[in-house]
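Following the hints, position chain B against chain A.
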Amino acid sequence: MLLSLQLASFFTAASLMVLGAVAVIFIDNLIKKVIALSFIADGVNLFLVTLGYREGGIVYIYLPGMSSAWFAQHASYPLPFALVLTSIVIGASTLAVMLGIIIILYQKHGTISASRVLED
Amino acid sequence: MIEYVIMIIAVLGAVLALLQRDLLKAAILTGVPGAAIAALYQILLAPDVALTQAIVGSAIIPVFFALAVYRTMRMEEE
Numbered sequence: 001m002l003l004s005l006q007l008a009s010f011f012t013a014a015s016l017m018v019l020g021a022v023a024v025i026f027i028d029n030l031i032k033k034v035i036a037l038s039f040i041a042d043g044v045n046l047f048l049v050t051l052g053y054r055e056g057g058i059v060y061i062y063l064p065g066m067s068s069a070w071f072a073q074h075a076s077y078p079l080p081f082a083l084v085l086t087s088i089v090i091g092a093s094t095l096a097v098m099l100g101i102i103i104i105l106y107q108k109h110g111t112i113s114a115s116r117v118l119e120d
Numbered sequence: 001m002i003e004y005v006i007m008i009i010a011v012l013g014a015v016l017a018l019l020q021r022d023l024l025k026a027a028i029l030t031g032v033p034g035a036a037i038a039a040l041y042q043i044l045l046a047p048d049v050a051l052t053q054a055i056v057g058s059a060i061i062p063v064f065f066a067l068a069v070y071r072t073m074r075m076e077e078e
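Line order of the protein sequences matches chains A and B.
One point on numbering: in this note's numbering, the residue at position 77 of the first sequence is 77, and numbering is uninterrupted.
One point on numbering: in this note's numbering, the residue at position 56 of the second sequence is 56, and numbering is uninterrupted.
Bound conformation, chain A alone (with noise of 0.2 Å):
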């Protein structure tokens, strides 16, 4: 293959960011603001993970039978794993939070277009 597994993913990592950016900027739609910062998250994510890869490795699990040398050539980097599944989670209550907040300009001035709220 033309690319490496990691170079393809942080492409696809880069790709989601600035989707995610150009689309919270020029989109008009509070919802569809919230769905492009859901992609920057995701994004971000997946560049941390990305980082933690090894070419050929194994998963940072230590099994009967491996020497603790061998382990630590051949597995994965575990540190960024560990910080991402925090962020996923708290990724997803902030999304609540900002929903709310949309949910409650919505019933204040009766759209959810950012231009319309800021004109009011």
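These aren't lab readings, by the way, just hints derived from the structure by calculation.
Treat the hints with care, since some could be wrong.
Unchecked claim - Which residues of chain B face chain A? A few of them, derived with a C-beta cut under 8 Å, are: (1) V11; (2) L12; (3) L16; (4) L23; (5) K25; (6) A26; (7) I37; (8) A39; (9) L44; (10) A46; (11) P47; (12) F64; (13) F65; (14) A68; (15) T72.
Glycine included, every Cβ here is placed at the ideal spot set by N, Cα and C.
Same frame as chain A, now just chain B:
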């Protein structure tokens, strides 16, 4: 080979979700990149992150968006 297809599905699903005018369709299509990225985490040697992302990204987040669309308006206004 399958991993490159999954990456293309993730980006394409994100583009399609942002292009919809019907917000309920956009909310459902949000689950496609979430599920694709969960499969990608499994390939990138992170099975615990893949389990969490499969539940949160492909089930909980689209339901949140669908509830928000139900409480506000369904079609995007001009």
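Now the hints, each set against the structure:
1. V11: Since the shortest Cβ distance to chain A is 5 Å, the answer is holds.
2. L12: 10 Å, violated
3. L16: Since chain A brings no Cβ nearer than about 11 Å to L16 of chain B, farther than 8 Å, the hint is violated.
4. L23: 6 Å, holds
5. K25: 11 Å, violated
6. A26: 6 Å, holds
7. I37: At 6 Å from the nearest chain A Cβ, I37 of chain B passes the 8 Å test, so the hint holds.
8. A39: 12 Å, violated
9. L44: 5 Å, holds
10. A46: 5 Å, holds
11. P47: Where the cut-off is 8 Å and the nearest Cβ of chain A is about 6 Å from P47 of chain B, the hint holds.
12. F64: F64 of chain B check passes; min Cβ-Cβ to chain A is 6 Å, inside 8 Å.
13. F65: 7 Å, holds
14. A68: Status holds, d = 4 Å.
15. T72: 4 Å, holds
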